[in-house]
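J.: From just these sequences and the hints, can you work out the full model?
4 protein chains.
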Amino acid sequence: MTRPKRGFASDNNAGVHPRVMEALGAANVGHAVAYGDDAYTVRAVGLFRERFGERAEVFFVFGGTGANVAALAAVTRPHHAVVCAETSHVNVDECGAVERLAGCKLLPLAGAGGKLRPEQVEPLLARRGDQHHSQPRVVSVAQATELGTVYTVEELKGLAEFAHREGMLLHVDGARLANAAAHLGVSLEELTAGAGVDVLSFGGAKNGMMYGEAVVFFDPALAEDFRFVRKQCAQLPSKTRFIAAQFAALLEGDLWRETAAHANSRARQLAAELRAIPQVRLTQPVESNAVFAVLPRDAIARVQERFFFYVWNEQTSEVRLMCSYDTTEEDVRELAAAIREALEG
Amino acid sequence: MTRPKRGFASDNNAGVHPRVMEALGAANVGHAVAYGDDAYTVRAVGLFRERFGERAEVFFVFGGTGANVAALAAVTRPHHAVVCAETSHVNVDECGAVERLAGCKLLPLAGAGGKLRPEQVEPLLARRGDQHHSQPRVVSVAQATELGTVYTVEELKGLAEFAHREGMLLHVDGARLANAAAHLGVSLEELTAGAGVDVLSFGGAKNGMMYGEAVVFFDPALAEDFRFVRKQCAQLPSKTRFIAAQFAALLEGDLWRETAAHANSRARQLAAELRAIPQVRLTQPVESNAVFAVLPRDAIARVQERFFFYVWNEQTSEVRLMCSYDTTEEDVRELAAAIREALEG
Amino acid sequence: MTRPKRGFASDNNAGVHPRVMEALGAANVGHAVAYGDDAYTVRAVGLFRERFGERAEVFFVFGGTGANVAALAAVTRPHHAVVCAETSHVNVDECGAVERLAGCKLLPLAGAGGKLRPEQVEPLLARRGDQHHSQPRVVSVAQATELGTVYTVEELKGLAEFAHREGMLLHVDGARLANAAAHLGVSLEELTAGAGVDVLSFGGAKNGMMYGEAVVFFDPALAEDFRFVRKQCAQLPSKTRFIAAQFAALLEGDLWRETAAHANSRARQLAAELRAIPQVRLTQPVESNAVFAVLPRDAIARVQERFFFYVWNEQTSEVRLMCSYDTTEEDVRELAAAIREALEG
Amino acid sequence: MTRPKRGFASDNNAGVHPRVMEALGAANVGHAVAYGDDAYTVRAVGLFRERFGERAEVFFVFGGTGANVAALAAVTRPHHAVVCAETSHVNVDECGAVERLAGCKLLPLAGAGGKLRPEQVEPLLARRGDQHHSQPRVVSVAQATELGTVYTVEELKGLAEFAHREGMLLHVDGARLANAAAHLGVSLEELTAGAGVDVLSFGGAKNGMMYGEAVVFFDPALAEDFRFVRKQCAQLPSKTRFIAAQFAALLEGDLWRETAAHANSRARQLAAELRAIPQVRLTQPVESNAVFAVLPRDAIARVQERFFFYVWNEQTSEVRLMCSYDTTEEDVRELAAAIREALEG
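Residue numbers (this note's numbering), protein chains in the order written: chain A, 7 to 351; chain B, 7 to 351; chain C, 7 to 351; chain D, 7 to 351.
Bear in mind the hints are in silico, worked out from the structure with no lab data behind them.
Each statement offered as a hint is correct.
Pair ranges (Cβ atoms, derived):
{"hint": "1", "chain 1": "B", "residue 1": "Asp304", "chain 2": "D", "residue 2": "Ala116", "range": "28 to 36 Å"}
{"hint": "2", "chain 1": "B", "residue 1": "Glu125", "chain 2": "D", "residue 2": "Ala343", "range": "36 to 44 Å"}
{"hint": "3", "chain 1": "C", "residue 1": "Arg339", "chain 2": "D", "residue 2": "Ser271", "range": "51 to 59 Å"}
{"hint": "4", "chain 1": "A", "residue 1": "Asp304", "chain 2": "C", "residue 2": "Leu131", "range": "20 to 28 Å"}
{"hint": "5", "chain 1": "C", "residue 1": "Arg134", "chain 2": "D", "residue 2": "Asp304", "range": "55 to 63 Å"}
{"hint": "6", "chain 1": "B", "residue 1": "Glu125", "chain 2": "A", "residue 2": "His170", "range": "53 to 61 Å"}
Small disclaimer: the values here were computed from a predicted structure and weren't measured.
C-beta: ideal position from N, C-alpha, C; glycine also.
T.: Written out as structure tokens, the structure reads:
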């Protein structure tokens, strides 16, 4: 078997967008001060402020887990708790990084579509002030979620208002914030600062970057000590200009929206194809670049011989199919065809 | 003032070597499985084993602090202590990352040229077995050191033998291992596995890479759980192929030695120029790509108007001048000339 | 309102058993080496080995949270996970101590009567070996549980066999192990070493001691570094003789069983009284010294004016009534009478 | 050899003062709410405020290491550093508890008599604001020090003023604060709140208590979250009344000063005896209950056959001789005689 050029396993499997690659080359000129004190960083931070609002404090870090854990470590103390979805990356996919680096307890909640609602969080506040219990301090949500669903601006506002009323903060894991904004047709600022988000992990690698993530604080007071937290959590890149240049390429001319919208379109195309297959059942609304579907077990194996993707839940025979900025209409048609063939047996 | 293209502040300020840049472009084809299960990683690991020995277990991480702290966390428990030089990066320049992520105490020792000797470490073992005291478990040295000095293979062997005799391990922070190997004219294997090193942080960014570091274990048993430690310490890159491709470029045809030797030569050239200036005093032997020198205080300020570099010690008026893989003979001559002019006042 | 001498809030509210108090006085003679190197400790450890088996490695610590967290920290690394009941003390009542001191993730499971079964744990092992996920290493159960239920020896054996087969360990939070052993009519050894338990927190404070807890390892290899872990977790008492003397008093002549059996009897008496009241519903089997019952909300407030106890669940109007080694038959009758009166309104 | 009733090894080897023992018995009546919500605690806290000032926020914990580490964890974040004496308990004798529980770096300084001076701390502030370096946040001193020396009120004031001017805090490890206050003839308030101390670990075990320590904050804002930190660091005693009762016994009628002054007197008596022996050299001023002396090596061994004490420094043949609240004049005379005999050898 030759592995296909483009699979549906993960948007992390895609390469680097040509315009990002170009920007990396363009930044590779002469010397630039390391650790963020360079012109590329100044420019990228400026672009962030144009997109996310003037109060945004922006810090570049290496990766998504690092962004989440450093962001959460910055706004908590170890006796705090972070409320999150049971299915969230911070809870499931970071090998306990929050517990180790922030020392905090996570309080995971089950929720439809991997989304949290204020009324779910409320009961967790019953023990506030009681010294025996970790004190909820942050509500952390992923936008888009790990199940491909998207919070509306109103839903985020509802969570932020609830959090602030209760003396808590709202953190957004925005590894796929671009896909969410593209889906909703709103600006990055409307979806973050405008919705009351306090701190954001903004990802680039799933949307055409090589590496690099940004932690963005919308209240400068929260950012005060962040440069130390970033360094101590081993998330300070030395040659920062190369992360800055990538983000600049993504933000300039809103390339981020173009690439994210493309990936979302392919997911909708795929969903449409699958809905037409009687033996396949979609399990989540398709609101970003992910399609979740239940397929007959033996068909999965056959399709996997031709396309790389992950089984999400062995027991329910549910698969996750991720589209990327570089997924083509043809790729989607071929996958759908392969599924149909596999089902015909 | 226009900042000069190439300064002497840090080898981290240099850009990416053209052949590394090329390799990044070449790796940017189609999809590749994320998190290390890709052909680029397989190939790079193979090259590591050719250079460092067949038993080497190789793990790619984001950066140097992450490499050090994850390596040390993997081979210690929080009640252990790590013996290191007072001037070492792990002690001084990582904002307490070891303490936070490994939970360990560092036991810093002062030593000539930033180097440790077994007889310095010995007294720290007096309290072994006593429950009140952190138990020394690792000797951590930098090769080359933060002061630009280089351990001979014999010196490393002496430290490794001492460590092993006492039930301890030897860790090498090899952010500039290439410079040390180039200086000594030995292979990477002779300088690590051959010298008894147990675990190595092998750096690329200071020698022409964009980002990326490798943690190399020379005893596979020590590496057993490392993939979890790496992830939990937020050091697992998603698009690993791009770190792998860079390292492959560096190792193939021994580009690493060429670039490191070049930087070392420029440092020797600079040292020769400075030795000829009576008001300047070199403070460390020049064995890698760093030159440490004491200059009259007011001259420093004047030179800094034209070249970017750091004052190492304000009180002694000592500066650190770092050469990079891209420093030219002309750059060095111009710096020396600027110093002479500044001294003439 | 005058607070009654003896309430039903917690077995921690009771004082010190007269024979324990006597032992404290008797140990207060002259000097004794601090930190465990004294004759009282030697003697108490001997008594532990008589009760728990000759392989038991015994370490005295200050308190119950400290015992649990130090025990778990000793047998885990931060990338491990500890599987526990959702209602367990380690999960709910220690303000995140395990997360902070061991750095581990807890994986809480809901279960009838606060008890875990192997088949519940099994699905958590699906992601073993996958670097993105915390690796389950310990099953931690409370015996008796926080809901007053007791694992049979067979149930514990089942958990231990499952754990060992899967390369995991079984930890028992035995803050109320005495109550469980008294309920089952088995020896401490049968209930721990004999059932395959690997490490135990054995509590004294809830059974007549002033303070002090023991961490007991049943495999000496697990205990190897524990004295360092204990000290680093701030759990090493200086005047250890006074904890040793208390435990000796408790173990000698099996006072522990007498006191625990007494408390259990009072709980059964209380349960019998409450079962006779139609408006009261017991919610858990009464197997140790706790009685859980649902009462009409307004009755609770009235009873609390006369007896001190805690509402366990505000929403279901469920209360927890704890009996102690010093609860009298009269106390129980008075409480039952107060409840009946409150219900008559 | 029969070990003598009272040795000179440690004030932790002494037992419990009769009046403290009495207080424990008196507190052992009926039930009292656990975890600090009891009348004994209210009364003890009142006595603390009488002695330490009305703004004192007082929290009882299990032991000295726990007091230090919880106090420091409460007022730092992991990227902070704690400046302390090289010889300090927090640095040397707590097996790395601060590093593990607070995540902080310690910055140990050598100083005459184990004491710190502001001008020593100053150079450590050079790198403030630089993200690569742990940020000094607390100066932690022991009073009396581990070498038996005592800071004058003026010296403490100097440290506090320096710390506050630099945005730092002053922590005092007061395991032997009573001895220091007795030596100086000042009140506890003058020596703490009055001198500008921000947070204090106040010890009882070395001065006649069985166990128990208090963390005292002199600025209520610093204490805000301390009850959570205490619990999460496993330092919250369940039957708090028994620590409260002991402290009340110590503070009432100023028993603490009587016992400490007694121990100090015995140390001065011992020093006088030793000064009269030509082969013995005192190495530290005798300002509390410790005497440090250099003795011929073979004499040490002979004296140790009759009296239990520790060699402080094997290489310099220096011993530490600790007096306790129960050391008698006769004990001291016998020790001095034993030394003289051993020297006549």
